[in-house]
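According to my numbering, the sequence shown is numbered sequentially starting from 1158.
You may find that some hints are simply not true.
Derived Cβ-Cβ restraints for the label pairs, each shown as a range [to be verified]:
id	residue 1	residue 2	range
1	I1160	G1201	53 to 59 Å
2	P1267	S1297	28 to 34 Å
3	P1267	D1173	29 to 35 Å
4	N1270	N1174	36 to 42 Å
5	I1171	I1299	26 to 32 Å
6	L1167	P1197	44 to 50 Å
7	A1235	A1287	19 to 25 Å
8	L1167	P1206	54 to 60 Å
9	N1203	L1274	16 to 22 Å
10	A1287	A1259	18 to 24 Å
11	L1241	W1265	35 to 41 Å
12	L1269	F1232	30 to 36 Å
13	V1255	M1219	21 to 27 Å
Read the hints as simulated data drawn from the structure, not as lab findings. Given the structure is predicted, the values throughout are model-derived calculations rather than measurements. For every residue, glycine included, the Cβ atom is placed at its ideal position computed from N, Cα and C.
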Amino acid sequence: MAIGKSLERLFNAIADNCQTLSWTIMRILAALMFMTHGWPKLFGDNAQPVLGGMDFFGIDLMVNMLWIAGVIEVFAGALLVLGLFSRLAAGLSALLMVMAYATAHPAWFPTLNNGELAAMYFVVFFVLFAFGPGKLSVDSLIRGQR
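Build the full structure now, drawing on both the sequences and the hints.
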């Protein structure tokens, strides 16, 4: 029993020391990977035009929704990498993932409709929206948090 308690204390101490770094790594890596989905939509070989091309749930908005998705993925992702305006960027990104899931993955379950990535991005961005970017961010520097 004493060994179990000692190991628990050891792992708790290690985990407590990793919180800031792990939160920052999650935020930055998720944002960088998110940006890789938007970059080809804006600048790739098959870059999306700004106008036309797609309708939104049957409503023609005169703007290509894939282009809007690319803008959010690239620019909100960049803001999240920096930790600047993080809650706004995370909220927009989470909303985008809800829309992506609803439009591109309509079947019932994520593993059956290939919507796992959209679902995971939603969870990460929703948690970042709820808890903020963490201590290692421009937002924290602006607010004077340590």
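Each hint, compared with the structure:
A beta carbon spacing of about 55 Å between I1160 and G1201 agrees with the range 53 to 59 Å that was offered as a hint. Separation of P1267 from S1297 is about 33 Å and conforms to the stated range, judged on CB atoms against 28 to 34 Å. In this structure the hint that P1267 and D1173 lie 29 to 35 Å apart at CB holds, the actual value being about 33 Å. Against the hinted window of 36 to 42 Å, the Cβ-Cβ separation of N1270 and N1174 comes to about 40 Å, which satisfies the hint.
For the pair I1171 and I1299, the beta carbons lie near 30 Å from each other, so the given range of 26 to 32 Å is met. For L1167 and P1197, the hinted distance range of 44 to 50 Å is satisfied, since their beta carbons lie about 45 Å from each other. Between A1235 and A1287 the Cβ separation comes to about 21 Å, which falls inside the hinted range of 19 to 25 Å. In this structure the supplied range 54 to 60 Å holds for L1167 paired with P1206, their Cβ-Cβ distance being about 57 Å.
For N1203 and L1274, the hinted distance range of 16 to 22 Å is satisfied, since their beta carbons lie about 19 Å from each other. Taking the beta carbon of each, A1287 and A1259 are about 21 Å apart, inside 18 to 24 Å as hinted. Taking 35 to 41 Å as the suggested C-beta distance range, the pair L1241 and W1265 conforms, at roughly 37 Å. A C-beta distance of roughly 32 Å is found between L1269 and F1232, which places it inside the suggested range of 30 to 36 Å.
As the Cβ distance of V1255 to M1219 is approximately 22 Å, the hint placing it in 21 to 27 Å holds.
When held up to the earlier numbered hints, the structure conflicts with none and fits them all.
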